[in-house]
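Here the protein sequences line up with chains A and B, keeping their order.
The numbering of the first sequence is this note's numbering, which starts it at 1 and goes up by one.
The numbering of the second sequence is this note's numbering, which starts it at 350 and goes up by one.
There's no promise every hint is true.
Below, a list of computed lysine to any residue pairs in the SDA-like style, where the Cα atoms sit at most 20 Å apart [said to hold, decoys possible]: (1) B/Lys403 / A/Thr124; (2) B/Lys522 / A/Gly278; (3) B/Lys403 / A/Glu127; (4) B/Lys522 / A/Arg126; (5) A/Lys234 / A/Gln167; (6) A/Lys158 / A/Thr124.
Just so you have them, the derived chain A footprint on chain B, three or more residues with Cβ under 8 Å [to be verified]: (7) 408-421; (8) 548-560; (9) 653-660.
Have a look at the derived ranges for each label pair, beta carbon to beta carbon [stated by the list, open to error]: (10) B/Ala519 / A/Gln253: 54 to 62 Å; (11) A/Asp277 / B/Val459: 50 to 58 Å; (12) B/Asp662 / A/Ser342: 32 to 40 Å; (13) A/Gly318 / B/Leu524: 41 to 49 Å.
Note that these hints are calculated values from the structure, not bench results.
Quick caveat: nothing in here was measured; it's all calculated off a predicted structure.
Here a beta-carbon is modelled for each residue, glycine too, at the ideal position from N, C-alpha and C.
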Amino acid sequence: MNTLPLRSRRGRAALAALLAVAVGFTAAGCTGTDANATGSTSAGSEALSIAYLPKLLGNPYFDNASKGAKEATTALGGTFTEVGPAVAAADAQVSYINTLAQQQVGGVVLSASDPSALGQALTTAREAGTKVVTFDSDVEPQYRDMFVGPATDESISKAMVDQLVAQIGDSGDIAILGASANAANQNAWIGGMNTYIASNFPNLKVVDTFYGNDDDQMSFDKTAASLQKNPNLKGIIASTNVGLAAAARYISQSSFKGKVALTGLGTPNATKAFIQDGTVKSFVLFSPADMGYLASYAIDALRKGTITGTEGDKFSAGRLGDYTVGANGVVYVGAPIIFDASNIDQYDF
Amino acid sequence: MTETDTLVAPVTRESRKYAAYGSPLWQRVLLTREFAVIIAVIIVAIVACSSIPKFATPLTLSYLLLDLTPVLLIALPMTLILISGEIDLSVASTVGISNVVLGFLYAGGVPIELAMVICLAVGLFVGALNGFLVTVVGLPSLAVTIGTLALFRGIAVGILGTTSITTFPAFYKSLANANFPRTGIPLVMVLVAALVIVFALLLHFTPFGRGIFATGRAREVARFSGVRVKRTKFILFLLSGLLASLAGIYYTFRYGSSRGDNAVGLELTVIAAVLLGGVSIFGGRGALHGVIAGVVLIGLLQSALRFSNVTSDVINIVTGALLMASVVAPTVFAWLKSRLFSRFFPSPHATRKVRLQ
């Protein structure tokens, strides 16, 4: 009796596992074929096919960029696919790039998790004819065709100072809240603000520059300390979205509310409540959607051969207008966007 | 020689023949969890190759094997550890620390070969620390390795901060990515195959390997049967640290990048694959061919779904559901069997109970 496989415990277990696995695979196989029916058309080399590969899926910032990339791809008559890992990891992105290269997509709009770890995969993809345009986070220049940047550092610095001047006038004490003292972009923006203030608003004095390490609690505490230390402070510029939200939270609960102006770089969802309660009148950010949009137009121009991604190349990008490629194949979307009570509801990221 | 010796000896010396097992050899080989997973791999491969355009190329195989190499390397000692009834969650952090140390030393001017040896030494140290805490101090491995997972990851991130090191010798980088000419089989598979053979021999054909199974089945029984339980477990943690650091070295050259957050979460991929391959989370059961099939199955499935532009969330759902099904199904069927069969085919044990009443 024991020799019959189905009556032995192990035999039953094996059969059960086999059945379960078989069922799992039937389901998986179906998903595969279904998705493939739509995917196979995008793999054609004639029509424009653009794949959007963010650092990770399900992030509002990248979802916003995806909208722009999709809008442009549709406007250009191409097919659009969005793929990507669930966590921001370079090795996960490599697998996706390899797959896209094998599918021979026309171009990849990529926000890279690592500047060099993707190099080998990107090189293989480009040898197979796929155009690679990075946005938001670049890879080393030799691994991609072009990089779409948000806005020049100068224009971001200028926009932040202009927003504060619009609220407090062109004189008085102000403070700057940065992310960290050794981040390249932070130093560029803070340095840019100091230069811009020195040459245009001589009566505006930056009396304090402090750093919250992009930590909510630390930014909150340091804002409180700076306001106590400098009682004549008329305004604060936070050049980081974490800092802006933390400083706004402190000011909105303190006696400084309505007396100290606050602006800087923020994200709409994190700052919406403070725009509504009046703590923050306006803030600055670049549009992820416009980056995705411009990157898709760049891929189209690269595929048509109108540009090669070298400095001085000119191409036109639909509703955004005309662009000229800068040094190292970098192109900037343009001036940053100003968010205030009138337009903040249009954004969700 | 006494009279009792001659009487007892023929009985104990009689070697066990195949006929003594409950079922013939072919049934014991084919009707197993391991073989079910192997069949599943074949089914998925056939379905994927026939239904997904451009999937059936040597390049797909090459990428699949390259992606799976770190998982395979870590899965080998992980199988042994799980069979012995323990777990090592710190492996991905060990990969991370090895990855970071290699980059840090090479950037600091240490010759790459020496840096690789130091990485392996770090792996052994990491394994020794885990092993010490589990066997000598006597703490549960789950708690110990959750702690060292955080500790080693913290050290890895601390060494490099937010920077990354990206210059490595081109020779090793191409070695880690190269294939045998005109095939899709990466060169690194030679190393993997050699280690698979070593671990298969160790687990299935040595007294040490039987000791691992015995330890996982019943710790005390194993100890009284002469298995050096603590030493066995200590060696397994050493092997785990060593192989994880080897995977870290491979990872570094494969991606040409050394940074603190590399390979985060890899331990879950490995454990999922090992469990899918038929190793019991309670210890005492499992086989290496099933584990390799489990690793390949998860990799193949992910590759096929990715090729079909299925989003990563759906891929996670499919692999998760598969794992659940493979872990839960045997238990459910055993329960069903006990409920149904005991009604229709009462076991001798049950009959005896009735008679006693």
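Indices of hints not satisfied (ascending): 2, 6, 8
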